[in-house]
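**Q** So you can see what is in the structure, the chains are spelled out below.
Number of protein chains: 2
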Amino acid sequence: MIDEGLKALLSHGYEGAGIGPILKSAGVPKGSFYHFFESKEEFASAVLSTYCGNNQKVRTRFLHEDKTKPPLQRLRDYFDYYEEVYSSGDPAACACLLGNLAQSIAAHSEVLQRELHRSFTAWQEDFKSVLREARDAGDLPEHLDPDETAAFLIDAYEGALVRMKAEGSIKPLQRFSTMTLDGLLARKS
Amino acid sequence: MIDEGLKALLSHGYEGAGIGPILKSAGVPKGSFYHFFESKEEFASAVLSTYCGNNQKVRTRFLHEDKTKPPLQRLRDYFDYYEEVYSSGDPAACACLLGNLAQSIAAHSEVLQRELHRSFTAWQEDFKSVLREARDAGDLPEHLDPDETAAFLIDAYEGALVRMKAEGSIKPLQRFSTMTLDGLLARKS
Numbered sequence: 018m019i020d021e022g023l024k025a026l027l028s029h030g031y032e033g034a035g036i037g038p039i040l041k042s043a044g045v046p047k048g049s050f051y052h053f054f055e056s057k058e059e060f061a062s063a064v065l066s067t068y069c070g071n072n073q074k075v076r077t078r079f080l081h082e083d084k085t086k087p088p089l090q091r092l093r094d095y096f097d098y099y100e101e102v103y104s105s106g107d108p109a110a111c112a113c114l115l116g117n118l119a120q121s122i123a124a125h126s127e128v129l130q131r132e133l134h135r136s137f138t139a140w141q142e143d144f145k146s147v148l149r150e151a152r153d154a155g156d157l158p159e160h161l162d163p164d165e166t167a168a169f170l171i172d173a174y175e176g177a178l179v180r181m182k183a184e185g186s187i188k189p190l191q192r193f194s195t196m197t198l199d200g201l202l203a204r205k206s
Numbered sequence: 018m019i020d021e022g023l024k025a026l027l028s029h030g031y032e033g034a035g036i037g038p039i040l041k042s043a044g045v046p047k048g049s050f051y052h053f054f055e056s057k058e059e060f061a062s063a064v065l066s067t068y069c070g071n072n073q074k075v076r077t078r079f080l081h082e083d084k085t086k087p088p089l090q091r092l093r094d095y096f097d098y099y100e101e102v103y104s105s106g107d108p109a110a111c112a113c114l115l116g117n118l119a120q121s122i123a124a125h126s127e128v129l130q131r132e133l134h135r136s137f138t139a140w141q142e143d144f145k146s147v148l149r150e151a152r153d154a155g156d157l158p159e160h161l162d163p164d165e166t167a168a169f170l171i172d173a174y175e176g177a178l179v180r181m182k183a184e185g186s187i188k189p190l191q192r193f194s195t196m197t198l199d200g201l202l203a204r205k206s
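Same order as they appear, the protein sequences are chains A and B.
First residue of the first sequence? That's 18 in my numbering, and the numbers climb one at a time after it.
First residue of the second sequence? That's 18 in my numbering, and the numbers climb one at a time after it.
Check before you lean on any hint, since a few could be wrong.
Each pair may be met inside one copy or between any two copies, as identical chains are not told apart.
Keeping only pairs whose Cα atoms sit at most 30 Å apart, straight-line, the calculated DSS-like set for lysine-lysine is [unchecked claim]: (1) Lys86 <-> Lys24; (2) Lys57 <-> Lys41; (3) Lys145 <-> Lys188; (4) Lys47 <-> Lys188.
Since the hints were made in silico from the structure, they are not lab data.
Please build the complete structure, drawing on both the sequences and the hints.
**A** Structure follows, in structure tokens:
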């Protein structure tokens, strides 16, 4: 049900994702929804929480596990991994659930606004710690603040995903890597 | 009707924007919708086209009219203008219609996908011409390609708007300006 919910939310947005079709795809009998969730809002919140748990695992794997790799290389590996994920499907059908829910429902649901805030914060903390490592290793341009840079990377990446969906192409993700990893974050020699 | 349609689309996304409430707010009698538009898709496309026409006027005003100003200063004035616009309302209720429709409907509507592509392209062309002027004046860091940079600025700005909506704060817009105008685009002395 969570899997089908994720697919429906990513494809149609919050308002467009119908509980009926989600239950049908998941093979869950109609009418049993409210045994599991109090409302559509609670359901979307559970989907978001699972989605973010999975993303957290990917971040741990790429950003924190192998400390022998230079921090900025780990960040690059992380973005490369997602570029591959998005390349393997239809880019027009993909999206980030955070950006998607932010656009479609955040303003109307305190539950989801809180959950989104929590998710963005966790993501940002992970980037921040890698960027601090990079700074301590002397690999980050001096004028960049790790906290602000972490937040900006997330913002810019969310936008690249929006554009990917609009254009049905992963070019914006490649552009993101070129402009940030090879540009903004590259230490001037 | 276009005005009310814009408000509804920005606030609820494509699927969440009901034609009924839009007609009611606009004082247009129920049932007359199909005298004006063939479908909701065509209506959203007309709203998008009007929205982009207005944005085009803002771009012309800030980016092209006063050629005595340095190109990058014009770009900054443009972003400052929008920061003021978004500050004057509730950031959680604001959004860019392009990013919004890209998330909620682009994958399901060729009409809107085409219109979105057209709108992003027009926007990008305007940034490109200003960045080329900056390059010709020696004001752009040499490693930056005006075309790629124009596209990246739009991507990153779209993401800042998503985050603004998620967080209910204009901080992401300020971060965007700091990281791009004061960072990426600043010529190293």
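**Q** Does each hint fit the structure? Answer for all of them.
**A** A quick look at each hint next to the structure:
1. Lys86 <-> Lys24: neither (34 Å within a copy, 48 Å between copies)
2. Lys57 <-> Lys41: Both: 15 Å inside a chain and 26 Å across chains, each within 30 Å.
3. Lys145 <-> Lys188: both (26 Å within a copy, 17 Å between copies)
4. Lys47 <-> Lys188: Result: close neither inside a copy nor across copies, 41 Å intra and 43 Å inter.
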